[in-house]
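Colleague: Each chain is listed here by its residues.
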Amino acid sequence: MQPMIKLEGIKKTFTGGGEDVHALRGIDLEIMPGEIYGIIGFSGAGKSTLVRCINLLERPSEGKVWVNGVELTHLGEMALRKQRRQIGMIFQLFNLMKGRTVYKNVEFPLHFRGIPKKQREEKVMNLLRIVGLENRRDAYPSMLSGGQKQRVAIARALASDPKVLLCDESTSALDPQTTQEILELLRSLNKELGITIIVITHEMAVVKQICSSLAVMEDGQIVERGDIYDVFSNPRMPITRRFIGTVDGMDKALEEILSSPSEYCSKHGQLVRLSYSGQSSGQAIVSMLSRQFGIDISILYGNIETLGTKPLGRMITVLSGEKHAVDGALGALDGLGVKAEVIADV
Amino acid sequence: MSDSSKRFYKTLMGIMGACMGIAVLYSLVKFIYFNPQNDTVLHLGAAWEIDIRNVVKTRLELKKCLIQTLQMVGYTSAISFLFGIFFGVVLVTTQKGHILECEPVYQVLDKIINLLRSIPFIILVALLIPATRKLMGTSIGVKGAIFPLVVATVPFFSRQIHAALSEIDPGMIEAARAMGLSPAAIIFRVYLWEGLPGMIRGATITIVNIVALTAMAGTVGGGGLGDYAIRYGYQRVMTDVTVATVIIILILVTIIQTLGTFLERKLSH
Ligand SMILES: Nc1ncnc2c1ncn2[C@@H]1O[C@H](COP(=O)(O)OP(=O)(O)O)[C@@H](O)[C@H]1O
Ligand SMILES: [Mg+2]
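In the order they appear, the protein sequences are chains A and B. With the numbering used here applied, the first sequence covers 1 to 346. With the numbering used here applied, the second sequence covers 1 to 269.
The reader is advised that the hints may include incorrect statements.
Stated by the list, open to error - Computed list of lysine-lysine pairs in DSS-like fashion (alpha-carbon distance at most 25 Å, straight line):
#1 K339/A with K252/A
#2 K191/A with K163/A
#3 K163/A with K104/A
#4 K63/B with K98/A
#5 K11/A with K266/B
#6 K310/A with K323/A
#7 K30/B with K63/B
#8 K117/A with K98/A
#9 K6/A with K163/A
#10 K98/A with K96/B
#11 K117/A with K191/A
#12 K104/A with K96/B
Honestly, the hints are just simulated from the structure, not real lab data.
Extracted from the complex, chain A is given alone in its bound form:
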């Protein structure tokens, strides 16, 4: 299958204004059709610049961009504008036309495309139904809540039947409840219309909730990427761990335990973090090891969550017993497809 979006060696340097800013330092990225792809990074990492390079609102200083098989970096302005119609975009601050009603906003991209008025109206009303705002068609943006504004923006982005939807921090100005609703809407659009969605965010909770894959950006580069399950169960870079830590009870629990181990564990042993595919039961793993190697295993913390489509189970345990027995158990875990990480001696 050919990727919906392909970036090759994208560099972007902002010159002028004193020092050169290397916003992107060589990005290669492939996003397959139907994916919800998360790009996460702290402020200033270059996320917005990257997403603006996809529809060429920003021309990369170097590198090539393909969307749906068409090389955009190759095209002239006219042809590029035509291609942009199949790339929808929504923004952090919604960017609705303030002097136009909800209806006119959604109709905006359909004008001057030779679509009869009747057909336009049908389409707009249908889109407003999808985002649940058909009864606000004559309201002006200033009369809407943030969540409603973003719904209008989504309807507007969908008006030209895009193959791709770019979302730049599109829930960052919304409260948690509204964020949930917007993310649910995006997920259902992805499922029902098969739209490929790129979600730019600095919040791991957003990525965790809807993305199937993610890339972590730092200082203009992608430092880690992959299937969301793989990245969550096996983060390699410190920055990735930090992001995961923000949405993970695990890290907080671990911190708590390490600050006063004696309160949590009655026996001395090795503090071990286990990650396993949620399909197997944590309890079964523990009791089997304990029987087979004759060691005590106490579970201090455990949870299972769904990432993408797969459940991921994790536990913090203390393995106590003879040294060789504990080592043997750790070795056996590997064979069971359980990832074990020794944190400390307690």
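Starting from the known structure of chain A, fit chain B with the ligands onto it as the hints suggest.
Modeller: Structure of chain B with the ligands alone, referenced to chain A:
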């Protein structure tokens, strides 16, 4: 009180105010132009009697001058708006980081506008006399006044438009670009439409400014109310003429301002 009833009373008050204004104007005009006794003393209640003998005496001149002023304001506004909107749009779109970024064009236009705005109007009129003669065939009267008025107003109005369009949320432009709109479409559908309230505010200020300039143009042979006030009120010491001119200009400005504010409110959401 509910919102709709509040709006109702507000509208009612507005209509009543307008009616009273029109009634006062009507009785004044009637008094000056259509009183068979040729009465020259205006009675306002029992205590106030105002002698407007000179106004009545020069009423035909007053009418002519008022029409001249309206002509000058009308023509100058119409021509200046065309040019002003054009240059305003050029300024805002060629600025750094905007859709038609072009530093040289912006810099040159910006400097020319600043230069023209810094020349006092009276001096501008004198400077332009040869050009006015060539272009309009005469340098006096309404015809001769319009050219310098336009030259003085276009830079002013261009700045007003520039300011109004600069206020537009850049996010809207970004969204329009992302949708694949051409620069021309962005100018017409985003800048000129979304910037309309601000542009109307600028236009209101500009028209009021033109009224003031026409009064000045009068003193250098342009005709109009300024001319009238100088010739009668000042040179022949007819104080009632001066006062009447001031009141008429005040009424003009008030009408323009009220209409402008009303339109601006109506269009901003
Ligand atoms: N138009 C621009 N001119 C100069 N520097 C810019 C411009 N846009 C972004 N940058 C710089 O590029 C870097 C990345 O910015 P951005 O892509 O907005 O990051 P993010 O969206 O991840 O917060 C920042 O250092 C920012 O200051
Ligand atoms: Mg950003």
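Colleague: Give a verdict on every hint.
Modeller: Hints, one by one, checked against the model:
1. This hinted pair checks out: K339/A and K252/A have alpha carbons roughly 20 Å apart, not beyond 25 Å.
2. Using a Cα cut-off of 25 Å, the hinted pair K191/A and K163/A holds, with the two alpha carbons roughly 13 Å apart.
3. Proximity of K163/A to K104/A is assessed by CA-CA distance (about 22 Å); at most 25 Å being required, the pair is judged to hold.
4. The straight-line distance between the Cα atoms of K63/B and K98/A is roughly 45 Å, outside the 25 Å bound, and the hint therefore fails.
5. For the proposed pair K11/A and K266/B, the alpha carbon gap of about 47 Å is over 25 Å, so the pair is violated.
6. Restraint check for K310/A and K323/A: the C-alpha separation of about 34 Å exceeds 25 Å, so the hint is violated.
7. For the hint linking K30/B to K63/B, the alpha-carbon distance of about 13 Å falls within 25 Å, and the restraint holds.
8. Among the hinted pairs, K117/A with K98/A is consistent with the structure: their alpha-carbon atoms are about 22 Å apart, no more than 25 Å.
9. Of the pairs offered as hints, the one joining K6/A and K163/A holds, with about 14 Å between alpha carbons and a cut-off of 25 Å not exceeded.
10. Taken as a hint, the K98/A and K96/B pair is honoured in the structure, with Cα atoms around 24 Å apart against an allowance of 25 Å.
11. Pair hint K117/A plus K191/A does not hold up; C-alpha atoms about 29 Å apart against a cutoff of 25 Å.
12. Distance hint between K104/A and K96/B is unfulfilled; the C-alpha atoms sit about 30 Å from each other, more than 25 Å.
Comparing the model with each earlier hint shows violations of hints 4, 5, 6, 11 and 12; every other hint is respected.
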